[in-house]
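Given these sequences and hints, build the entire structure.
Each protein sequence line maps, in turn, to chains C and E.
Per the numbering used here, the first sequence starts with residue 1, numbered consecutively.
Per the numbering used here, the second sequence starts with residue 1001, numbered consecutively.
One or more of the hints may lead you astray.
[Claimed, not checked] Calculated lysine-lysine pairs in the DSS-like style (CA-CA distance at most 25 Å, straight line):
#1 C:K588 / E:K1144
#2 E:K1089 / E:K1144
#3 C:K213 / E:K1003
#4 C:K213 / E:K1089
#5 C:K157 / C:K172
#6 C:K269 / E:K1003
[Said to hold, decoys possible] A partial selection of chain E residues facing chain C, derived with a Cβ cut-off under 7 Å:
#7 L1083
#8 C1099
#9 C1136
#10 Y1139
Hints were generated in silico from the structure; no laboratory data involved.
Computed from a predicted structure; not experimentally measured.
Backbone N, C-alpha and C define an ideal beta-carbon position, used for all residues, glycine too.
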Amino acid sequence: MLKPAFAHQPPFLMSSKHSTSRRRFLKVTAAAGAYLAIGISPAGRLVAATPGKQPGRLPGAEGETELNSYILITPDNKITLFNPRPEMGQGTWQSMPALIAEELEVRLRDVDIRMTAGAKRHGRQSVGGSGSVRQSWIPLRQVGAAAREMLIQTAAKRWNVPASECSAAYGKVLHPATGKSLPYGALVAEAAQLPVPENPRLKDPKDFKILGKPIARPDVPSKVNGSAIFGIDVQVPGILYASVQHCPVIHGKIVRFNAEAVSAMPGVKHVFKTERKMPHKTVDAVAVVATSYWAAHKGRLALDIEWDNGGFDAIATATYFETARKKAADEPGNAYPDEVGKVRTAFASAAKVVEAVYETPFASHAAMEPVTATAWVQGDQVEIWAPVQSSTGVIEEVAQYLGIPQENVKINVLFMGGSFGRKGYYDFVLEAVHISKQIQAPVKLIWTREDDFNNGPYRPGMINALRGALDARGNLIAWEHKVAGEAIGAQVFGQDISAQADRGSGEAIGQQTSPYAIPNRRQAHVHVPTDIPIVWWRSVYSSTNAFGQECFIDEMAHAAGKDPLDFRLELLQAEPRWTALLNRLAEKSGYRAIRAAGHAIGIAIAHSFGSTAAYAITVSPKGNGVAIDRVICVIDCGMTVNPDTVRAQTEGNAIMALSAAAFPAMTFAGGEAQESNYSQYRLPALRDIPPIEVYIMENGEDPGGVGEPGLPPFTPALFNAVFLATGKRIRRLPVDLENLD
Amino acid sequence: MAKYTLTVNGSQHEVVADPDTPLLWVIRDQIGLTGTKYGCGIAICGACTVHINDQPVRSCTTPVSTVKSSQKITTIEGLSPDLSHPVQKAWIEERVPQCGYCQSGQIMSAVALLRNNPNPTDADIDDFMSANLCRCGTYPRIRKAIHRVAVLAQEGIDD
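Written out as structure tokens, the structure is:
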């Protein structure tokens, strides 16, 4: 492997030649001291981890068992916990170690945290789908609990007392009857020889010292003094910098370019054709590699490239939406499997039928850290330093791209300066690899802000076409919801969705995730292909579907002459968690009193990524539109690791939803992105932010997601309020809230 | 290429750079202080904010040739050696950062605001801080943290 010269992540444990039964803990006698390795098998069982052989890798399994290992304790009682989930602002740098620390009985402030590096024995090391806490809640706690039991057993044996008389706290085993205590470091070598308990006892949540408490995040100090190392900050000796020119018309091909002239510029070392590989297309680009970023950038600006637009200059978002509207009107679409009742018959017998079409735009993630990756290819080996949502995902893609074994790919995952889905799409990593491969030198690729806006990928623009039917008494008896647009399943994953509804596109709609008791109900997907690159964007299709879903429920309530909250409560009688949440929202927002006073308050509720969130938003007339007065969110995400992180994520979700609803969208004309920087794709700024209050339902339910569920219901709540304030039903986003014509 | 002497966080640095090289890239890649961030390159997002003689400046559009060796450049790393600057303390207490990428610029702007206006109103904060973008949506906490600095300073608790 390449020698990493990069010191942000402390060097991982050295390898060892030990090879022992996989049913035993192992002690690695190395500079780092004793190593207590506990892992989780792919089947979810606790197993002992044995040291790996690969230099620079975490110790782990040998032989047939793939293991994970997360805890390191040295004889002088230094404790290191390994975090398998990359940090992008959502809090995994705390939440993952917290799960282990809670059961291990150590304080977070007393441990070092290190990022794992994609070794197979750690399983899938990804963030996305608001899944980190949900998926790790039991397994990582078991890892901590198993270690605690091993350490207690060792101390008990040494003191010749029953283990049941001993306890653990703050990194020590205690024997209260005699007042004896021993730090973990004094026990770890011996504990490592014991078999791993298969079913360690997990703590009762009422005894939690860390989980559920608003403990300060360990990454925060490094983010207020400039010491946190993000992907763009990586330093490698001998590093070169690359700036890349893609075709302004997305997917255009290079005919010729002035390599020689640019090569002669100061600092420029190489000018050559490279490529950007996306899942659905590989496109040309020109790379300028120089000794400094500025030299690379200036060289890139001096490029004179003749492009063949290849007909892609016909791409336009206006055409896409026109096609999507037409297809949604003309085609039945592929139905989702949760169809209930007899939809056609019900519509035929209805007293009143209401129809509406909702449109949500393409959106950029626009993370503040631009797209960047550093790669160093040497022969059939490659080392990568990058801000990415998955170390394992990058290893797989790079290995496949280069046609080398996965073991030859070494990844160092850095803090992401925001991602929102973007840094889980590895075109930029492959581009950096492609560039480094040509010159066999370490290269840091930095996309400009314009590169990010112009090239995507983006949240796909979507059409939601809805139909609802009321009987003579104003009961909602039938519902049809068609989602029309490009599918991530098709464009990113290459699935054939010609005969079946794209699963992802059906998020947050249908009986399972929107459990309104509607006797006749159909949801369908209409595929609208486009070459505009798309990908998941914070809360994905829930972010667009909930707008149609929850505004249209509101439309049906008004059509039935019922209060929108009462209408929802009536349809959710069989869903106690939903009604409890709505009632809490009504209480916290003063909904009834505000309605009685005739003021505009809009509500919406949506379930996504394992949690349910609801908003109440009040607005007042302003200009030719409204101003937002107050935003109240209540979220039911079950038990939490850190309620303050839940609040922070939900505040951020409200603001990101506001951005997509009431600030500029991404548009294409003539094959070119029309928004290139924050001057055009304006983001909400501090002056645009209304007061936001977040409340968390307290219950003992299993944890749900947190990073995304707070986003989808914001937008429909806002526009349901706008309707009450202005009588205008906004169905096409984005809008200027103060000028709604 | 030309030689420049820069005074950054109290230390002098000799650098060789093209005259039009933005101060941002000199600070990051030559001096090695990576706390100052690239966000937009057109002085609109504020991630690259540093102080020159205590005034906030967008380093992404400040050519290195325009900075004199006598001018005092302060970056996020120069605020305090130990997180003790009142704005850093308030940022920690209010748990402002999420991804953290924009926060160097936010903090440098907040320090500049508070230097001239130790007890800003919400409107003052909105006006001054709206030139710093944050995609995570930490704005409500930025506002709270700035108020906290003001309150602590008035109570004399600050050190």
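- Item | Hints not upheld, ascending by number | The structure breaks only hint 3.
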